[in-house]
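**Student:** So the sequences go chain by chain: F and Y. Using the working numbering, the final residue of the first sequence is 183, and nothing's skipped along the way. Using the working numbering, the final residue of the second sequence is 148, and nothing's skipped along the way.
Do not take every clue at face value.
What the hints assert, rightly or not - DMTMM-like mimics (lysine to aspartate or glutamate), calculated; alpha carbons at most 25 angstroms apart, straight line:
1. K47/Y - E36/F
2. K121/Y - E46/F
3. K115/Y - E159/F
4. K42/F - E131/Y
5. K121/F - D108/Y
6. K42/F - D108/Y
7. K57/Y - E86/F
8. K147/Y - D153/F
9. K47/Y - E86/F
10. K107/Y - E86/F
No lab work stands behind these hints: they were computed from the structure.
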Amino acid sequence: MKLKKREVQEINTGSMADIAFLLLIFFLVSTTILQEKGVSLKLPPEPEDQEIAEIHDRNMYKILVNSSNQYLIEDQRRDNLIGLREEVKAFVMNNSIDPTLSVSPEKATISIKTSRGTDYKYFIAVLDEVKEAYYEIYGARVGMSSEDYRALDLDKPVERDLISRGKDGIPMNISIAQPEKTL
Amino acid sequence: MIRKKTRAKAEISTASLPDIVFLLLFFFMVSATIKPMNDQVKLTTPKAQAMTKINRKELIREIIIGKPINREVGDQEVISVDNRVIKKEQLTQWVMEQKETLPENLKDQMIIVIKADEYVKMGLVDDVQEELKKANARKVVYRTTPKL
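Work out the full structure, taking the sequences as your base and the hints as a guide.
**Tutor:** So, in structure tokens, the structure goes:
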């Protein structure tokens, strides 16, 4: 019997790169890198252990949104939020200059009140403007844009220092009052 | 005298290309986290600008509020946690359960991410917040999409 001499078979790996690329592109397209980002807020404590803070009218910037999604800002009817950011900034940083605005940044409180029928979207729009106003103030104090300020990382000592320097003496007093039951 | 050099054509070896690509592939496979499933609620989060990043991902628990996808459930807005619909009265219980999953020193630092549809009524969102206050989970982040 004659022993057959077989050639060593080799798999062509030339298309391997193509296959890998295809997989790579699939993963690139299908996966969204999960980033947990949002507008943060600290809820007030339960009423029983909450001291009822008497806030003087001039220290309170009132924003109301009714169930038809209309704004009432400082007793003025508004159709949109244009200019709100600047007004909030002026209100907070007034430092007793204008008698109708806040006494000091520490005492300034922004009150956002919604009705039960308000769409969530409009509440977020107001909250966003108010928070952005504060971030602009904070950012300006450390010489950066609000966007850069927001991107600062609490875990890094240098950046944490910048955050606290920006915030120092200007607490973000945002009060979200319970909506009125009937409006 | 100028002599024309006959140069051998240089070819780049592509033999290591699959390796490089595989490396990239594995990197993406490992780094990409799969989005948590939500097949209960229709959801379009509102747009916002003043967003901050949450560093401590392990502290996050999610509450989804919106209209149900399954029309048989009804047209009323519902609250969904861990991909199941719950009543708002059950929310305090759920928060307590979630707190148990965290180590003792981090229990009070739990962050609740509220993912609500932009047309949800504030009444329901507020009911949820009242429950959260009762359960002493007061760190809230409203999930939003970036404004362009």
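**Student:** Quickly compare the C-alpha distance for K47/Y and E36/F to 25 angstroms and report which way the hint goes.
**Tutor:** holds (14 angstroms)
**Student:** Verify the proposed pairing of K121/F with D108/Y, using a straight-line Cα cut of 25 angstroms.
**Tutor:** violated (28 angstroms)
**Student:** Checking one constraint from the list: CA of K121/Y to CA of E46/F, max 25 angstroms. Satisfied?
**Tutor:** Within the cut-off at roughly 22 angstroms; holds.
**Student:** Starting from K57/Y, check that the Cα of E86/F is at most 25 angstroms away, please.
**Tutor:** violated (33 angstroms)
**Student:** Does the structure keep K147/Y and D153/F at a Cα separation of 25 angstroms or less?
**Tutor:** holds (21 angstroms)
**Student:** Holds or violated: K115/Y with E159/F, Cα cutoff 25 angstroms?
**Tutor:** violated (29 angstroms)
**Student:** Just to be careful, I want the Cα atoms of K42/F and D108/Y compared with a cutoff of 25 angstroms; is the pair within it?
**Tutor:** holds (12 angstroms)
**Student:** Is the Cα-Cα distance between K47/Y and E86/F 25 angstroms or less?
**Tutor:** With a Cα-Cα distance of about 20 angstroms, the restraint between K47/Y and E86/F holds, given a limit of 25 angstroms.
**Student:** Quickly compare the C-alpha distance for K107/Y and E86/F to 25 angstroms and report which way the hint goes.
**Tutor:** Given pair K107/Y, E86/F is violated - Cα atoms ~38 angstroms apart, limit 25 angstroms.
**Student:** If you draw a straight line from the CA of K42/F to the CA of E131/Y, is it 25 angstroms or shorter?
**Tutor:** holds (14 angstroms)
Comparing the model with each earlier hint shows violations of hints 3, 5, 7 and 10; every other hint is respected.
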